[in-house]
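Trainee: Listed below are the residues making up each chain.
Number of protein chains: 4
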Amino acid sequence: MPTILITGFAPFNQEAINPSWEVVKQFEGRQFGNTHQIQIAQLACEFGHAIKQLHALLDLHQPEIAICIGQAGGRADISIERIAINIDDARIPDNAGAQPIDETIVVGGPAAYFSSLPLKALLKNLRDNSIPANISQTAGTYVCNHVFYGLMHYANTHPNLKRAGFVHIPYLPSQACHHPGAASMSMETLEKALSLLVETTVKVNPSSDLPIKLSAGTIC
Amino acid sequence: MPTILITGFAPFNQEAINPSWEVVKQFEGRQFGNTHQIQIAQLACEFGHAIKQLHALLDLHQPEIAICIGQAGGRADISIERIAINIDDARIPDNAGAQPIDETIVVGGPAAYFSSLPLKALLKNLRDNSIPANISQTAGTYVCNHVFYGLMHYANTHPNLKRAGFVHIPYLPSQACHHPGAASMSMETLEKALSLLVETTVKVNPSSDLPIKLSAGTIC
Amino acid sequence: MPTILITGFAPFNQEAINPSWEVVKQFEGRQFGNTHQIQIAQLACEFGHAIKQLHALLDLHQPEIAICIGQAGGRADISIERIAINIDDARIPDNAGAQPIDETIVVGGPAAYFSSLPLKALLKNLRDNSIPANISQTAGTYVCNHVFYGLMHYANTHPNLKRAGFVHIPYLPSQACHHPGAASMSMETLEKALSLLVETTVKVNPSSDLPIKLSAGTIC
Amino acid sequence: MPTILITGFAPFNQEAINPSWEVVKQFEGRQFGNTHQIQIAQLACEFGHAIKQLHALLDLHQPEIAICIGQAGGRADISIERIAINIDDARIPDNAGAQPIDETIVVGGPAAYFSSLPLKALLKNLRDNSIPANISQTAGTYVCNHVFYGLMHYANTHPNLKRAGFVHIPYLPSQACHHPGAASMSMETLEKALSLLVETTVKVNPSSDLPIKLSAGTIC
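Heads up: the sequence lines are chains P, U, E and B, in that order. Mind the numbering: the first sequence is residues 1 to 220 in UniProt numbering, read in order. Mind the numbering: the second sequence is residues 1 to 220 in UniProt numbering, read in order. Mind the numbering: the third sequence is residues 1 to 220 in UniProt numbering, read in order. Mind the numbering: the fourth sequence is residues 1 to 220 in UniProt numbering, read in order.
The set of hints was computed from the structure by calculation and includes no laboratory data. It should be emphasised that the depicted structure is a prediction, and the values quoted were computed from it without experimental measurement. A couple of the hints might just be wrong.
Since the list gives no way to pick out one identical chain from another, each pair is judged satisfied if it fits inside one copy or across any two copies.
[To be verified] Below, simulated DSSO-like cross-link-like pairs (lysine-lysine); rule was C-alpha separation at most 30 Å, straight line:
1) 162 <-> 52
2) 213 <-> 25
3) 213 <-> 52
4) 124 <-> 203
5) 124 <-> 52
6) 192 <-> 25
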């Protein structure tokens, strides 16, 4: 039975929890239909180490699909990332105290990789199910983008990993209580969103399905 | 058994639903403890008419507590309004096509009324229960503020209406799907929030409880 | 020759300058036409003390018009305040270390006073001169609103002060350099804006001019 | 004398002007020191055609440096773009009515190119001169990013074009008057900013200068 790897992150930036891990851990041991089994893992919020953890998980589980989830404090939508870029530029230190500035993630690697998730099908199915969602053109330059780039660089040389990508999610309401004015999303909505992300990714056939022409770009 | 009146609004501004009514209608026929019964009603999103509807409801039910709920599209928090101002300035027409600009709501009325809800106790209890909340210094100049002013003007001459005020709530997720980037709040969270608003208002004794010194102001 | 009093504030909240004072001090000794002379002053960013300073200036200069200017860090427009409310709720301590929470400014005073500046004429003339401007429904609950309320309370019992109000202005560009993403406005634009505010206030006749029906309200 | 090519765009999205062209046209015929001459041009806001125009200009003028400027309506800072991505996803039609969705700009081209401007030196010098500035991780997916990608793709095979990149600028104040709440920047500030961008790019030696370690990343 093919495997779907889903990762969340450890808390960072003085948060007690990370919503990505809070939702991902709900999926431990789940199956989708009788066709795919799910493996979950928590990644450290640490440059370098997080990619090593991820690559070890990919080597171990040999997933067909891998979706990394991260916290986007302040964003209101499920935020499906389009592209990972080959640079670290940390506004704050990571959980191990490292703060790389303008450092290349993979020396000699390409400037960026596009997600191989079916972005617009994900977007459409989330919205069709009343879950606020959008495509994001930047996953930032912190550990989330770092892991996303590491994931896609691995996928580039491992064709058995057919679909891989990154999704940012809002704060949980309990976190937003400490950030007046910041958007949040309930655990029920997040769990439904993650189920839909996995289901849709499994269903869309990369070689035969027509792409969905749904505009989700930005002017700048 | 004393009555609590809770109102929501009809949809406006091309929305199919109004989250205020969606959550208020869940409370039809409820009691709080064995001490208070709840009456609910939907108000029209129409200048003038909405206040007439509200005053008729207040005359009919003679509530001890009245809480009007409205939609604040784009706000992320449960937004407890501090003050109603004596002016209409409509950016868009109301549901009857009226668009008053700089018109006084009650000629000869004071410039503003403060809410008589226990604002900071409400704020604290919402946050203590993991519900994002804030105090708002403006309810706008549209039908929501209009009704809020009409409510407080009535309370000013009807001392049996001990507690009255207005609370704005975010879009529901299904609405935010049509407003990428806009915050939303799930029905479960909204319902829990409204329960806490009512419970806390009932419990706090206006004549004996010490005010809660919790800063929730803005610099500008 | 009748007097126009214009005040700015001392810097606060760790800023080196306050744009309100930077622009107001440009107007020292100016006249408007041969009809009005200008007096300027800097107010302390301190609850209580600032109103005492302002009232002493009003007693001394007996102005016909008084316009207080304050910094609205983060706002993008010239922000013409509509209403002052009778409450202090300080998110941060003032320059003397005081942080009042939910304290009445004038015990026994009304909940609020409307500005007596010709709001919509000001708005229209600023925009007609290519200066981004808006009406604001809240001056906050900090020292700016505090002074604004103190100003209007004085005007209420001093009919010779025919026009009085408060205007918030954005950061200067040099300040915004320390707040990435925050809007700013150049000194040239601010100076032109303040000239227009004064000129327009002088020209509009409160007893004969028709109000300008320009919508500038908010839904919430 | 080596050439610096600076381009702006035609107005789009119902604007009467484009601030990029308004500022760029001020630089017609200028020299920097006695070392570099400037060529300016306006590009159409049209997918495909704009890149053709740009490539013709690059072939004609053989510049050593090329900086394309575009409007970022709503952004508050001079926004130095870090990376161009190989995708068009248009939220609105361009000036010729085309609205590509998820189309590759250069088939077979890499997913992205990094700017070859000295990003952090530009950022530092702008801020040191009191001009609000930031690094942006996304130039969007509209004609600006399209041209930026076309520029960097050309640079990739034309080593004589030593420095190339894209900078987004805010609305002019006259435009922001029609977008209440939107940030703007004055022509004086924009012109000073563009001078500094050119000067700094000329001065920083790509082969010998140490990179400036100034964090300007985002978490997401």
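Trainee: With identical chains, the pair residue 192 and residue 25 could be close in the same copy or across copies; at 30 Å between alpha carbons, which is it: within, between, both, or neither?
Mentor: Both: 13 Å inside a chain and 25 Å across chains, each within 30 Å.
Trainee: Measure nothing new, just compare the shortest in-copy and cross-copy C-alpha distances for residue 213 and residue 25 to 30 Å and report within, between, both or neither.
Mentor: For residue 213 and residue 25, the Cα distance exceeds 30 Å both inside one copy (33 Å) and across copies (38 Å).
Trainee: At 30 Å max between alpha carbons, let me know whether residue 213 reaches residue 52 within a copy, between copies, both or neither.
Mentor: between (36 Å within a copy, 26 Å between copies)
Trainee: Within a copy, between copies, both or neither: where do residue 162 and residue 52 come within 30 Å Cα-Cα?
Mentor: Classified as within: same-chain Cα gap 20 Å, cross-chain 36 Å, threshold 30 Å.
Trainee: Is the C-alpha distance from residue 124 to residue 52 at most 30 Å within one copy, between copies, in both cases, or in neither?
Mentor: Neither way: residue 124 and residue 52 sit 33 Å apart in one copy and 34 Å across, limit 30 Å.
Trainee: Is it within a copy, between copies, both, or neither that the alpha carbon of residue 124 lies no farther than 30 Å from that of residue 203?
Mentor: Within one copy only: 14 Å inside a chain, 45 Å across chains, cut-off 30 Å.
Checked against the numbered hints given earlier, this structure breaks hints 2, 5; the rest are met.
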